[in-house]
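A.B. asks: Protein chains in written order, with the UniProt record's numbering: chain A, 1 to 68; chain B, 1 to 68; chain C, 1 to 68; chain D, 1 to 68; chain E, 1 to 68; chain F, 1 to 68.
If you're looking for bench data, these hints aren't it; they were derived computationally from the structure.
We treat Cβ as the ideally placed atom computed from N, Cα and C, and that holds for glycine.
No false leads were mixed into what you were given.
If you want the footprint, here are the derived chain A segments under chain F, 3+ residues with CB under 8 Å:
| id | segment |
| --- | --- |
| 1 | 1-11 |
| 2 | 17-27 |
| 3 | 30-39 |
So the derived list for chain A, only partly shown, Cβ under 8 Å to chain B, looks like this:
| id | residue |
| --- | --- |
| 4 | Gln-14 |
| 5 | Arg-42 |
| 6 | Val-43 |
Listed next, with one range per pair, are the computed distances between beta-carbon atoms:
| id | chain 1 | residue 1 | chain 2 | residue 2 | range |
| --- | --- | --- | --- | --- | --- |
| 7 | E | Glu-26 | D | Gln-35 | 19 to 29 Å |
| 8 | D | Glu-26 | F | Gln-38 | 17 to 27 Å |
| 9 | E | Glu-10 | B | Glu-26 | 29 to 39 Å |
| 10 | A | Ser-67 | B | Glu-64 | 44 to 54 Å |
Protein chains: 6
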Amino acid sequence: MPIVTVALMEGRTQEQKDAMFARVTEALCATLDCQPEQVRIRVEDMSDGDFAVAGKSVARSNAERESP
Amino acid sequence: MPIVTVALMEGRTQEQKDAMFARVTEALCATLDCQPEQVRIRVEDMSDGDFAVAGKSVARSNAERESP
Amino acid sequence: MPIVTVALMEGRTQEQKDAMFARVTEALCATLDCQPEQVRIRVEDMSDGDFAVAGKSVARSNAERESP
Amino acid sequence: MPIVTVALMEGRTQEQKDAMFARVTEALCATLDCQPEQVRIRVEDMSDGDFAVAGKSVARSNAERESP
Amino acid sequence: MPIVTVALMEGRTQEQKDAMFARVTEALCATLDCQPEQVRIRVEDMSDGDFAVAGKSVARSNAERESP
Amino acid sequence: MPIVTVALMEGRTQEQKDAMFARVTEALCATLDCQPEQVRIRVEDMSDGDFAVAGKSVARSNAERESP
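Bound conformation, chain A alone (with noise of 0.2 Å):
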């Protein structure tokens, strides 16, 4: 019964994504006394522009550090 969303920022591979649900399944089902047909992992891609630390977007922390 496990369902998992899982929120990054994007920009991460195809083939991470897939090492991830193996890896995530694997230690649900190790900790939670579960099945791995009962995992469901959601992935949510946030782009830096949506997503902010302390009031700002990460996208403007990016742009700040690059040209302080």
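We have chain A; now place chains B, C, D, E and F onto it with these hints.
C.D. replies: Just chains B, C, D, E and F now, kept in the frame of chain A:
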């Protein structure tokens, strides 16, 4: 007040989504004692590379089924 | 594959929720070309102090309506 | 620790989003006794075909209003 | 149309939440060109045993800090 | 930056959750090129009356299995 999120594998037509909005709103009002104006439904399309069951993305499972 | 979340003001009975599960699953299958076994629905009860419209919690709006 | 998700009809500019990030972070810190570094805000843009009120998508409601 | 979810460590008072609802609604309307009646905000309280940073629940981190 | 939500049928112990936090964080860092401090995981417990598969709540399915 029902706020509903429907996460779907991408690919449904707008007609299918419009029919779903109407029928699900009807179902909610018939069972939860609420008015249509109170119902908000949001569709979230998922790509088959971003959704995994049993540790494998739907994209990968489909590819393996098509070329075993 | 539809994974549905229904956020509701708390207070519905289990009978109402069970009726909603059946009717919403029917509505999704009739419009989105999917099978009942593929449909997962989750109810999230919200307390009236934790949900606000127009800047005011439902609890507060109700209290003001009852004692203007 | 506040993790905030803001689901919006798509179409806002990055400037509007950046102004929102700053003002909402300020509002949270002023009322919830937390620090800006603890606040994460995520914007989720919704297309008008994927969001429905009263059983009708916003796209359809807008189209009907423009050509009754 | 903004639908906002604010996930918080549990423990805030209703007064804090009410103040947050008002100030965040104001912040959204001032920056996103929307009306208060269009804004819905939902608080989700998280217990410190159900939220983890860097692989450790907040409950555990707090306990270790209090009795190193 | 990964922000993870794990929706579970309620009933897991805090030990199981703590083991899951550690192993899932490890799995994410090993596959997504991120640091443990960037990973936030949230558990959402679901009661069996609030989660349905194929139109029937888990509570009902369990009851029918126990007394067919």
